[in-house]
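Asks: Next come the chains, spelled out residue by residue.
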Amino acid sequence: MQNNHPYKKIQDLQRRIAVYDDEAAYKELFFFFFHSLTKFSAGIVQSKETAEEIVSDVFISIWNDRARLQEIEDLQLYLFIAVKNNSIRKLKQQSKTRTVSIDELAVEMDSAYQDPEAKVLSAESLQNIEQVIEHLPHRAKLILKLAKEDRMRYKEIAILLNISVKTVDHQLAITLKKLATALGATFRKKK
Amino acid sequence: MNRDKIWHLFARKLSGESSRDELHELESLIEEDSPLKYEMDALTQLWEQKLPQDAEYLEATYHLHYEKMKKLGVAPVPAENEQVYFETGKRNSFKKRRFIAVFGFVSVLLAAAIVFLKSEDQTPQKKSTDQITHSPNEIKTKRGSSTQFKLPDGSTVWLNADSKLNYSKINATGIREVYLTGEGFFDVVRNPARPFIIHTESIDIKVLGTTFNVKAYPDDKTIETSLIHGSVEVMVKNRPNEKYLLKPNQKLVLMNEQYAAKREKDQRIMPVNIPIVFVKQINYLQGDTTVSETSWVRNKLSFEDEPFAELAKRLERWYDVSIEFKNKEIEEVELSGSFEQETLTQVLEALRFINNYKFKYKVEGKQVVIF
Numbered sequence: 001m002q003n004n005h006p007y008k009k010i011q012d013l014q015r016r017i018a019v020y021d022d023e024a025a026y027k028e029l030f031f032f033f034f035h036s037l038t039k040f041s042a043g044i045v046q047s048k049e050t051a052e053e054i055v056s057d058v059f060i061s062i063w064n065d066r067a068r069l070q071e072i073e074d075l076q077l078y079l080f081i082a083v084k085n086n087s088i089r090k091l092k093q094q095s096k097t098r099t100v101s102i103d104e105l106a107v108e109m110d111s112a113y114q115d116p117e118a119k120v121l122s123a124e125s126l127q128n129i130e131q132v133i134e135h136l137p138h139r140a141k142l143i144l145k146l147a148k149e150d151r152m153r154y155k156e157i158a159i160l161l162n163i164s165v166k167t168v169d170h171q172l173a174i175t176l177k178k179l180a181t182a183l184g185a186t187f188r189k190k191k
Numbered sequence: 001m002n003r004d005k006i007w008h009l010f011a012r013k014l015s016g017e018s019s020r021d022e023l024h025e026l027e028s029l030i031e032e033d034s035p036l037k038y039e040m041d042a043l044t045q046l047w048e049q050k051l052p053q054d055a056e057y058l059e060a061t062y063h064l065h066y067e068k069m070k071k072l073g074v075a076p077v078p079a080e081n082e083q084v085y086f087e088t089g090k091r092n093s094f095k096k097r098r099f100i101a102v103f104g105f106v107s108v109l110l111a112a113a114i115v116f117l118k119s120e121d122q123t124p125q126k127k128s129t130d131q132i133t134h135s136p137n138e139i140k141t142k143r144g145s146s147t148q149f150k151l152p153d154g155s156t157v158w159l160n161a162d163s164k165l166n167y168s169k170i171n172a173t174g175i176r177e178v179y180l181t182g183e184g185f186f187d188v189v190r191n192p193a194r195p196f197i198i199h200t201e202s203i204d205i206k207v208l209g210t211t212f213n214v215k216a217y218p219d220d221k222t223i224e225t226s227l228i229h230g231s232v233e234v235m236v237k238n239r240p241n242e243k244y245l246l247k248p249n250q251k252l253v254l255m256n257e258q259y260a261a262k263r264e265k266d267q268r269i270m271p272v273n274i275p276i277v278f279v280k281q282i283n284y285l286q287g288d289t290t291v292s293e294t295s296w297v298r299n300k301l302s303f304e305d306e307p308f309a310e311l312a313k314r315l316e317r318w319y320d321v322s323i324e325f326k327n328k329e330i331e332e333v334e335l336s337g338s339f340e341q342e343t344l345t346q347v348l349e350a351l352r353f354i355n356n357y358k359f360k361y362k363v364e365g366k367q368v369v370i371f
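Residue numbers (the numbering used here), protein chains in the order written: chain L, 1 to 191; chain W, 1 to 371.
Hints were generated in silico from the structure; no laboratory data involved.
Incorrect hints may appear among the rest.
PhoX-like, lysine-lysine: derived pairs with alpha carbons at most 25 Å apart [stated by the list, open to error]:
| no. | chain 1 | residue 1 | chain 2 | residue 2 |
| --- | --- | --- | --- | --- |
| 1 | L | K155 | W | K50 |
| 2 | W | K13 | L | K8 |
| 3 | W | K13 | L | K177 |
| 4 | W | K5 | L | K177 |
| 5 | L | K9 | W | K50 |
| 6 | W | K50 | L | K178 |
| 7 | W | K70 | L | K27 |
| 8 | L | K178 | W | K5 |
| 9 | W | K71 | L | K27 |
| 10 | L | K90 | W | K68 |
| 11 | L | K177 | W | K50 |
| 12 | W | K37 | L | K178 |
| 13 | W | K68 | L | K27 |
| 14 | L | K27 | W | K50 |
| 15 | W | K68 | L | K39 |
| 16 | W | K71 | L | K90 |
| 17 | W | K50 | L | K48 |
| 18 | L | K90 | W | K70 |
| 19 | L | K48 | W | K68 |
| 20 | W | K13 | L | K166 |
| 21 | L | K177 | W | K37 |
| 22 | W | K5 | L | K166 |
| 23 | W | K70 | L | K48 |
| 24 | W | K5 | L | K155 |
| 25 | W | K71 | L | K48 |
| 26 | W | K300 | W | K164 |
| 27 | L | K9 | W | K13 |
Sequences and hints are given; from them, build the entire structure.
Replies: Structure below.
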């Protein structure tokens, strides 16, 4: 199964920005990543405004350094790492904390969104799922977000969070089991 | 053991990490344990759904981001101004790109400058379409407006600013004749049995079925007929023996004698070496498909190596202003470029920029002085 990640499209945008100074491509890239990067950063700095500022700054440096943009092999990972580093630096400045553990990041998930047209799940099932997600350990929630919402590969998640691929694999399996169990409870009740 | 393995396989499948073997293994495990199928189906569908983008929020955020870049002096040239560049294709020359880039830069400067220049607020805006009079069999555009319409025989006409087309001679008997003052772009329905004739003050154009542009303003130096495709025959009125057959991508340029006479009276220098009628190639904007002679049809003001004095005439009609030169030297300078959404002030600033600020201008109401 494909994981629907538009790698090709992103590479094309990189090329257009690097070669043609293409503002439309730059804007598209911004639109594509802004939301998920901001959420990721907000999990670290605990402020939406600060997070948006950090992401905006990272995008400015992307433009300033656009001549070398095509050298970046995995732009999504690059952006996430840049946002992570800048967010941690900001947090250290603000709170004078010495260490920031990625395990403590309180990342928000988009609520268990379902297309109103699709109606796969009842309101009750959705609520169950949201509750399980809310109570996931921070790291598990973050892995779920990166895998589901950002369509990241295990390897990318592992690099970003400084953990092993095995840990990603394991965490995600546990999370899905929990979610399925929560769903199963509502399904079985109905029968 | 199987119960945990299945979740690993399922998570890998959702994340696109599964090998072919793992997908088969997952399938057979699900078959063994059928109740799980519902949960997995539901989770798979949920996994595929993405929160729709909040485009308005992103648009606003990007705007702020862009403003921030402007303040830092590193903002990209907005895509609108680059449009020309995409239209004219990949093999665009550096010259044009630089000009466009320069123009973007100028508009950034302008945004800051306009705050200080209150008089600039009255800068006339680009052409509108509310200045069109339509009486029976005649259509007329004022300065600063243009229009498109269909003639009774099905042919389409785009009428540029400050122009008039009388089509009372198109009727059921099959005659197709119109009278034009100003500039029009014609897409004539093909009918070999019924030629379409355009009369202007000094030339008549006979066509069978074709697309072409006629520029015949009384106060312009030349009268031009540019052919896009098909074929046309041009007859010069006071020279009955001369007929010119145009091929596609050619244009016929006729010295406007009225204009020449008027100029002589004004005791200005009259260019003596230019033949009164000549045929030359259409100006393709660098690259491929955009023809500068007809770009006005698409609401774009394009010019290739055009003397400033001639360009000023077009700007006058385009922005409904009158332009006066106090600097004779600058009148002769040849300019190239393309404008679409810009205000008159923006255009003048851009022209100033490409001329190394060799001239200044002043806009007061509808009067522009260049010095």
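Asks: Would you mind marking each hint as holding or not holding in the structure?
Replies: These are the hints, each one checked on the structure:
1. L:K155 x W:K50: OK: L:K155 and W:K50 at ~22 Å, within 25 Å.
2. W:K13 x L:K8: 21 Å, holds
3. W:K13 x L:K177: 14 Å, holds
4. W:K5 x L:K177: 10 Å, holds
5. L:K9 x W:K50: At roughly 18 Å apart (the allowed maximum being 25 Å), W:K50 and L:K9 satisfy the hint.
6. W:K50 x L:K178: 21 Å, holds
7. W:K70 x L:K27: With a Cα-Cα distance of about 15 Å, the restraint between W:K70 and L:K27 holds, given a limit of 25 Å.
8. L:K178 x W:K5: Holds, because 14 Å separates the two Cα atoms, which is no more than 25 Å.
9. W:K71 x L:K27: Satisfied, since the Cα-Cα distance of roughly 18 Å is no more than 25 Å.
10. L:K90 x W:K68: Measuring from Cα to Cα gives roughly 19 Å; hence the hint holds.
11. L:K177 x W:K50: Holds. L:K177 to W:K50 sits at ~21 Å (cutoff 25 Å).
12. W:K37 x L:K178: 15 Å, holds
13. W:K68 x L:K27: Distance ~14 Å between W:K68 and L:K27 Cα, so the pair holds.
14. L:K27 x W:K50: Holds. L:K27 to W:K50 sits at ~20 Å (cutoff 25 Å).
15. W:K68 x L:K39: 21 Å, holds
16. W:K71 x L:K90: 22 Å, holds
17. W:K50 x L:K48: 21 Å, holds
18. L:K90 x W:K70: Holds, at roughly 24 Å.
19. L:K48 x W:K68: 18 Å, holds
20. W:K13 x L:K166: 15 Å, holds
21. L:K177 x W:K37: Holds, at roughly 13 Å.
22. W:K5 x L:K166: Holds, at about 13 Å.
23. W:K70 x L:K48: The given pair, whose Cα atoms are some 23 Å apart, holds under the 25 Å limit.
24. W:K5 x L:K155: Cα-Cα ~20 Å, so holds.
25. W:K71 x L:K48: Measuring from Cα to Cα gives roughly 23 Å; hence the hint holds.
26. W:K300 x W:K164: Holds, at roughly 20 Å.
27. L:K9 x W:K13: 23 Å, holds
Consistency note: the structure conflicts with none of the earlier hints.
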